[in-house]
Amino acid sequence: MATYRHYDELDGHLTDELLDDRIVEQLLAGRLSGERPDLQELSVFVTALHSMPTTLPTVVRPELAAIFETGLAPGNGELSPVVADQPIRQTPRSRRMLKALSAFVATLAGKAVLGTATVAVGVGGAHAAGVVDVPGLPDRAPATVVDAPADDTDTPEQGDDRSGRPADPGVDGGSVSERSTSGEPQEDGKAFGTSVAEEATDGTPAEDVANQGDAAQDQQPDTPAPGADIADQHRPDTAGGADAADDHRPDDPPVGRP
Amino acid sequence: MREQGSVTPQDEGHFFAAMLAAAQTSSGWAFEQVFRTYAPRVRGYVRAHGAVEPDELTNDVFVAVFRSLPKFHGDEAAFRSWLFTIARNRLVDERRRRARRVETVPEDITDSIEMSGGDVETEALANLGGEWVTGLLGQLTPDQRDVLLLRIVADLTIDQIAELLAKSPGAVKALQRRGLVAVKRVLDQGVPLERPVDV
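Those protein sequence lines, which keep their order, are chains A and D.
First residue of the first sequence: -4, per the numbering used here; consecutive thereafter.
First residue of the second sequence: 18, per the numbering used here; consecutive thereafter.
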């Protein structure tokens, strides 16, 4: 700053003598003609400064080119969609769902549901394995669920209604299975087989069901021998699919159908 | 009767109003017209301020201007004032960025950018004039330089500059006068810069 003082402060009175406002305006307007020969060079400088901005930028950025092409987007002050979309990244749907699921599990209600469902699956599995006898549950509950694909009129909602009692593993096992697959290992293979079988009630063809069954088999943790046997019974491909399911059909009405 | 082909300030005002209205309804051609009309001045302004990449900075300014254009209300003079306020802010940002990066740019890089495109001879002459002018401007305080550039290149009034720089009109007038006197002194002393004889 000290280097500028000479012009800024010390010679302040001299600047007023050299240039008053009228002269300055004439100079800036390029109308200083012969009146002040001592300002001719300064006049050249002002003219040069006036004529300096004559060229457009040699490069026009894509954002601007897009605006010239399409204008702005209807939104207030937003760039056209082509440009505006670039920095915006949508969160993947799976990620959003996982977040929502995590948030739900984090709540008290979520924990209660998860706990109840886990207990229900465990009890149901134990019952099916013959370890525990739970009154009101069919002896071969999982089999009835596998019957569902043979009956194409069933919908997932009906499947839920069919096993609508809270303690029924057919219900909660189905809803919790998604969480269970990513979390704790199942107590036995039957419960897991049940949940996969319920997924198959969406009206998928028998082959798809069989594939899902295979997939479920692949996903199954080490299962005790009795559980594995029963799970095998559920798999359509192991017993001819619908034929095997027909064997279980007599059990259906008492279990699920309203 | 008016001379054929001459454009009065009223004509310019009407033209600007039509252009602005079209741009605010998102007509691409109007944006381009605004750019063609004002980009040279903005480029000259930032270049005279010593911007390393005047083209890039000018693009920046107009992207910002166009984003906010739908909200702008005012006449051509107000638009110019607004435009150069944005240009000045961008310039300040660029300087801060440069100061943080602490990078050294070879002197001939800016020359090669300027020389690219257009009529080479004209560009070369303009560069000589530009160097002379920017060399003289470099002798001024930042405030004096700012005022002279806003006054001459941006064609703003004393009041507009006062508002832009948050100073009183009297202070702006004083800076303008002192800036011109400083240039005159340097010229009188014989500036070791090339004179734009051919420009």
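Certain hints may be false.
Here are the simulated EDC-like pairs of lysine to aspartate or glutamate, each with C-alpha atoms no more than 20 Å apart in a straight line [unchecked claim]:
#	chain 1	residue 1	chain 2	residue 2
1	D	Lys201	A	Asp16
2	D	Lys201	A	Glu36
3	D	Lys201	D	Asp176
4	D	Lys88	D	Glu49
5	D	Lys184	D	Asp160
6	D	Lys184	A	Asp16
7	D	Lys201	D	Asp160
8	D	Lys201	A	Glu58
9	D	Lys190	A	Glu64
10	D	Lys184	D	Asp172
11	D	Lys190	A	Asp128
12	D	Lys201	A	Asp33
13	D	Lys190	D	Glu180
14	D	Lys184	D	Glu148
15	D	Lys201	A	Asp128
16	D	Lys190	A	Glu58
17	D	Lys184	D	Asp205
18	D	Lys190	D	Glu148
Read the hints as simulated data drawn from the structure, not as lab findings.
The model shown is predicted, which means the values in this text are computed figures rather than measured ones.
Hints not upheld, ascending by number: The structure breaks hints 3, 8, 9, 11, 14, 15, 16, 17 and 18; every other hint is satisfied.
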